[in-house]
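Chain by chain, the residues run as shown.
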Amino acid sequence: MSNALITLLPSVVLEGLLLGCVYAMIALGYTMVYGVLGLINFAHAEVFMVGAVAGVEVYRYLGPLVDNPYVLALAAVIIAAGVSGALAMAIERLAYRPIRRHGSSNRLVPLITAIGVSFFLQDLVRLIEGLWHGEFYMNYPASDPMEYLHELPFGMTIQNKSILVMVVAVSMMVGLDRLVRRTRLGRAIRAVAQDLPTASLMGIDPDRVISRTFLIGGALGGVAGVLFGLLYSQINPFVGFVPGVKAFTAAVLGGIGNIHGAMLGGLVLGTLETLGGTYLFFLTDGAIGNEYKDVFAFVILVLLLLFRPQGLLGRAQGEKV
Amino acid sequence: MTPGWIIALIAAAGAGFGLALIAAPRSAWPLLGVFGALFACLSVRGWKPARFAIALALLLVVIPAAGVQNNFLFELVTQMGIFAAMALGLNIVVGMAGLLDLGYAAFFAVGAYTWAIFGSAQAAQFMSGDFPLAGWPYFYIFSALAVIAAALLGTLIGLPALRLRGDYLAIVTLGLGQVVRVLANNLDQPVNITNGPQGITPIERPPIGWLESLMGALGIDGGPALGYALFFYLLVLAVIGVVVLVNVRLDRSRFGRAWVAIREDEIAARAMGISPTRTKLQAFATGAAFSGVMGAIFSAKQLFVSPESFTLLQSITILAMVILGGMGSIRGAIIGAMAVTLLNIEVLKSFSDFLARLRQTGFVLDLGVVSFNFANLSDQVEPAKYERMIFGIILILMMIFRPSGLIPEARHRLEEGEQTEQMKATPAGKRRAP
Amino acid sequence: MMLEVQHLTKRFGGLVAVNDVSFGVEPGAIFSLIGPNGAGKTTLFNVLTGLYRPDAGEVLFKGRRLSHRLPEHIAARGVARTFQNIRLFGAMTVYENVLVGQHAHVRYNYLDAIFRTFRYYRAEKRARVRAHELLDYMELNDRAFELARNLPYGAQRRLEIARALALRPALLLLDEPAAGMNPKETDEIKRLIRRLRDDLQLTILLIEHHMKVVMEISDRVVVLDYGKKIAEGTPGDVRKAPAVIEAYLGKGALEGAA
Chain A
1 MSNALITLLP
11 SVVLEGLLLG
21 CVYAMIALGY
31 TMVYGVLGLI
41 NFAHAEVFMV
51 GAVAGVEVYR
61 YLGPLVDNPY
71 VLALAAVIIA
81 AGVSGALAMA
91 IERLAYRPIR
101 RHGSSNRLVP
111 LITAIGVSFF
121 LQDLVRLIEG
131 LWHGEFYMNY
141 PASDPMEYLH
151 ELPFGMTIQN
161 KSILVMVVAV
171 SMMVGLDRLV
181 RRTRLGRAIR
191 AVAQDLPTAS
201 LMGIDPDRVI
211 SRTFLIGGAL
221 GGVAGVLFGL
231 LYSQINPFVG
241 FVPGVKAFTA
251 AVLGGIGNIH
261 GAMLGGLVLG
271 TLETLGGTYL
281 FFLTDGAIGN
291 EYKDVFAFVI
301 LVLLLLFRPQ
311 GLLGRAQGEK
321 V
Chain B
1 MTPGWIIALI
11 AAAGAGFGLA
21 LIAAPRSAWP
31 LLGVFGALFA
41 CLSVRGWKPA
51 RFAIALALLL
61 VVIPAAGVQN
71 NFLFELVTQM
81 GIFAAMALGL
91 NIVVGMAGLL
101 DLGYAAFFAV
111 GAYTWAIFGS
121 AQAAQFMSGD
131 FPLAGWPYFY
141 IFSALAVIAA
151 ALLGTLIGLP
161 ALRLRGDYLA
171 IVTLGLGQVV
181 RVLANNLDQP
191 VNITNGPQGI
201 TPIERPPIGW
211 LESLMGALGI
221 DGGPALGYAL
231 FFYLLVLAVI
241 GVVVLVNVRL
251 DRSRFGRAWV
261 AIREDEIAAR
271 AMGISPTRTK
281 LQAFATGAAF
291 SGVMGAIFSA
301 KQLFVSPESF
311 TLLQSITILA
321 MVILGGMGSI
331 RGAIIGAMAV
341 TLLNIEVLKS
351 FSDFLARLRQ
361 TGFVLDLGVV
371 SFNFANLSDQ
381 VEPAKYERMI
391 FGIILILMMI
401 FRPSGLIPEA
411 RHRLEEGEQT
421 EQMKATPAGK
431 RRAP
Chain C
1 MMLEVQHLTK
11 RFGGLVAVND
21 VSFGVEPGAI
31 FSLIGPNGAG
41 KTTLFNVLTG
51 LYRPDAGEVL
61 FKGRRLSHRL
71 PEHIAARGVA
81 RTFQNIRLFG
91 AMTVYENVLV
101 GQHAHVRYNY
111 LDAIFRTFRY
121 YRAEKRARVR
131 AHELLDYMEL
141 NDRAFELARN
151 LPYGAQRRLE
161 IARALALRPA
171 LLLLDEPAAG
181 MNPKETDEIK
191 RLIRRLRDDL
201 QLTILLIEHH
211 MKVVMEISDR
221 VVVLDYGKKI
231 AEGTPGDVRK
241 APAVIEAYLG
251 KGALEGAA
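Protein chains in written order, with the numbering used here: chain A, 1 to 321; chain B, 1 to 434; chain C, 1 to 258.
Bound conformation, chain A alone (with noise of 0.2 angstroms):
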């Protein structure tokens, strides 16, 4: 019994960074929006679920046309980021530019306005689906060369739509992390993030910024949401919560506002969840098992918030008086 634990232990350690990748790509959204503003933006997690629903309509309408499976999922890829980096721009824009203009005293107003947005989003994407298609449940369709298994050390297996799965989420990553550090726009965000005000005066335009920042922040989810339709197929207009809250969860994990936390925080999270859905399964003989894993992710955010707020990679902070 515990043999076979240990030798299942690369495979479930391997899926877990799978998932892992898609929660950094999301949690890179939650955290970068969080820097500039200091909002949660709930709003993100139906970002992501659109870009997943643009990658099924890229298949749809591309798919007969286009035979290479690899093409089309990168058409999908770049598509789905243009789409949700829009919308999140959009988002911005519409509803939360209006309530920073008014500022509003009630510290509550900015939130609730994003789970407006957010619940708003899902039934619209549902009632753009049903005009469309008649349905809003979607799938990614399978193709032979995408599903193909390399057989790996130690027990391990991986189909080639993770390996183009983790190529795509590590090179865009690695992309974001060169342009906060090295451009112009990437300094403007950092300066916007420390201190907006002082920002503002050194002629950085604060607005101009959080619009650009929503705009990759959107764009990743969107990727995200291709990848994450690419592994598990199946897609609807309310796919975005639990792997929203998953991310946000990464994104605290790693320390909110900090971008490489929350690409760390993703990986950790994944492969935590993978690893207790899994084991605890064998551990109390079939009692508690995956229906919990959701349960988990909560439960690692309670305890973080509780005991290390700041995450892994944050410092700590104390209210100014």
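No lab work stands behind these hints, which were simulated from the structure alone. Owing to the predicted nature of the structure, the values given are computational and were not obtained by experimental measurement. A portion of the hints provided could be inaccurate.
What the hints assert, rightly or not - Now the in silico label distances, taken between C-beta atoms and shown as ranges:
1) R65/C x A410/B: 37 to 47 angstroms
2) I345/B x S233/A: 32 to 42 angstroms
3) D219/C x P197/A: 51 to 61 angstroms
4) L8/A x D55/C: 22 to 32 angstroms
Note that CB positions come from ideal geometry on N, CA and C, so glycine has one too.
We have chain A; now place chains B and C onto it with these hints.
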């Protein structure tokens, strides 16, 4: 117009619409008129006894008189009452104490399961005894236990969660709310406590012999279905009365003041000797208790509970009520609950039916430039199924255009009578050391 | 001693905001803390009232240890304060603000409030009468039922003091009460602080930048610079201390003046 005239107008409108509703209990306009009069009683100022009397007449005479002819009225107002109690509870947490709780439906679930498990054969699955508990006192005892269970869960969730900053609290309560639902879904094994996703049914209702004989004496004959509709209507009305009274009294005590003080400025409140943890826990537990008692009533009324009644959508629905009415405003919470419930189970459904009729008849809308044949309207367009979109829109629009709600919290008018009396007590200019 | 501060130190990362500061405040004194901006005065207040934990040192209030206690406990023991950047409960009325100030003294439990027992009525009545007395004393009674956030600036400062007095403190900490006031209002604040001490037998610890106020009403003054105590004494002593002149006017100021 002086308040006297306004109230006379409300009374006249109430009487007119009331009589119309009793005469035609199935038509929509008199019903909306009666609700309008109820809204007005809650929202205008001055002459409290008169407003109270009008509302009472509408609730205890007009609606029962119309309801015995049309059960649906009882159903509608009972739902409004259940939601109003929850909105009042959430209003304490979100509106007064300023803590965004997104897992509020969990407390409703705990209340509902408290009675569902023991008021059905379910309890026999894991303990010995004679279940369901069917005698008359059991339901009331377990409703009281539901209050306690919900308040305890509130404290239990609150203890860790309330130490967190505001925005983190939102996501943690959201998570814990989901945990409660996952537990309800999965606690059918190893020991079957909740019966999992199938839910629990049938659930006992308290015996209502007294009410049936009363109805018999009045010459009303509608069988047990009507009897229970009337019973739950009256029960919910009574409970809502208690909930409002408790809420108003707490609001005007050191506890209510501490809630608002913590919301306004936690650091200043601490400098005034207020313990934030204790104050927040009190708000959380009180809000949970309101929800718990309605959960127990809900389970008996529906005869059935399952985890699907306690989703995030449910929590957001109640949040939308509080936001629409006005955060921190007691009257706002009630009006918000009534309006959203009306929208949810009456307006949207009517609109769906209306569209369905247009679709069937192939009605052609001709605007000159464009014309549209409703026969081509997709059957996906069904407003009643798009609650999320509706609530989303309510939340967004309210936050952008009127964050304080339809009836904003008005603390400066709390002490209407006291102002003049106390001013006279100390003549101006004669200041002494307090 | 009403208040004893012993070797108090507070660090933020590498910055030592309060550095080994000691002093004692006699009952009934008006005791001022002065120093250039960033000298650590407000940080010291925050340590005294429990908002920050000291890294070293002790605070004794009436001989009992105050450091490492929660702000709400310190307040309930009789240490009240105002804030440099006024922190009122904006959505509550002026009157309610003062009622909140009495929180620790309004004693009844949850059930008393729900059933409105005799205990509730007695305590609330007492609190309400006292609230009106305090508002009267601070000349705010005609605005009692306005929202605190709608008051003009000067009245907000007075309300903050009224709210602090509601706590029935033995020691009152005032953080720049005259900030942003014109000369006439400054004069009124000066008289008010004296009146508070004389009428209510309060001990007052004051942070203030208006030197005129400090010099005219203080019994004793402590000067902080870069978190360190650089002088202590009567206003006359402090005015003449070389270290103080240097801190305020910069090095070389003494030579230039001489």
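Status of the hints after comparison with the structure:
no., hint, result
1, R65/C x A410/B: 37 to 47 angstroms, "holds (44 angstroms)"
2, I345/B x S233/A: 32 to 42 angstroms, "holds (36 angstroms)"
3, D219/C x P197/A: 51 to 61 angstroms, "violated (41 angstroms)"
4, L8/A x D55/C: 22 to 32 angstroms, "violated (50 angstroms)"
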